[in-house]
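Chemist: Sequence:
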Amino acid sequence: MRHNKKFNHLGRKSAHRNAMLSNMASSLILNKRIVTTVAKAKALRVYVEPMITRSKDDSTVSRRTVFAMLQNKEAVTELFREISQKVENRPGGYTRIIKLGTRLGDSAEMCMMELVDYNEIYTGNDKKATKVAKATRRRGGKKKTETPAVETPATEASAE
Numbered sequence: 002m003r004h005n006k007k008f009n010h011l012g013r014k015s016a017h018r019n020a021m022l023s024n025m026a027s028s029l030i031l032n033k034r035i036v037t038t039v040a041k042a043k044a045l046r047v048y049v050e051p052m053i054t055r056s057k058d059d060s061t062v063s064r065r066t067v068f069a070m071l072q073n074k075e076a077v078t079e080l081f082r083e084i085s086q087k088v089e090n091r092p093g094g095y096t097r098i099i100k101l102g103t104r105l106g107d108s109a110e111m112c113m114m115e116l117v118d119y120n121e122i123y124t125g126n127d128k129k130a131t132k133v134a135k136a137t138r139r140r141g142g143k144k145k146t147e148t149p150a151v152e153t154p155a156t157e158a159s160a161e
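Residues are numbered in our numbering as their position in the sequence shown, beginning at 1, plus a constant of 1.
Just so you know, these hints were derived from the structure itself, not from any lab. The reader is advised that the hints may include incorrect statements.
[Stated by the list, open to error] Under the rule of at most 30 Å between Cα atoms (straight-line distance), these lysine-lysine pairs were calculated in the DSS-like manner: (1) Lys87 <-> Lys43; (2) Lys41 <-> Lys6; (3) Lys14 <-> Lys74; (4) Lys43 <-> Lys74; (5) Lys87 <-> Lys33; (6) Lys87 <-> Lys6; (7) Lys74 <-> Lys33; (8) Lys57 <-> Lys43.
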């Protein structure tokens with residue numbers, strides 16, 4: 002029976018699992034987006050989100066705790082300088098898992114895991130996307146601007 006065994010062991014011994022999650026978390030922090038299997042992404046989400054929450058408080062204790070989990074100096078620096086500034090007002094849910102389909106070799110379900118605040122498509126930081134959204138209307142198509150009509154000789158002839 003599996004009483005009180007809540008996390009996915011991912012078919013690995015604990016040292017291998019911890020090293021894999023640490024490497025994946027470092028890659029996610031440095032690259033802002035990784036492609037992996039759904040099971041690993043769900044395990045990584047449980048591993049990395051408390052780290053991001055801890056990075057909001059930039060103290061020596063929190064840096065040492067995160068470094069003990071990551072073992073990567075560049076990733077810790079990136080987390081405490083860049084990412085913590087972007088997520089300071091977000092109460093949680095720092096990562097997003099987008100399913101991509103199955104892998105060709107073994108039919109494993111693949112997904113893309115990314116940090117939520119670094120995707121310009123969903124956050125609306127893209128100038129072109131916001132411009133299109135403002136220009137369209139629900140029923141009437143594009144917003145019509147009223148310009149004074151300048152009558153030309155062709156329109157005067159057709160009016161008569």
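Chemist: Each hint needs a verdict: does it hold in this structure or not?
Modeler: So, going through the hints one by one against the coordinates:
As the CA atoms of lysine 87 and lysine 43 are separated by approximately 22 Å, the hinted pair is consistent with the 30 Å bound. For a cut-off of 30 Å, the pair hint linking lysine 41 to lysine 6 stands: about 17 Å separates their Cα positions. At roughly 25 Å between alpha-carbon atoms, lysine 14 and lysine 74 fall within 30 Å of each other, so this suggested pair holds. Taken as a hint, the lysine 43 and lysine 74 pair is honoured in the structure, with Cα atoms around 24 Å apart against an allowance of 30 Å.
With a CA separation close to 12 Å, the supplied pair lysine 87 and lysine 33 stays within the 30 Å bound. Between lysine 87 and lysine 6, the direct Cα distance comes to roughly 34 Å. Violation of the 30 Å bound is thereby established for this hinted pair. With a C-alpha separation of about 16 Å, the suggested pair lysine 74 and lysine 33 falls inside the 30 Å cut-off, and the hint holds. Annotation: proposed proximity of lysine 57 to lysine 43 holds, straight-line Cα distance about 22 Å (limit 30 Å).
This entry does not satisfy hint 6, going by the numbered hints stated previously; all others are met.
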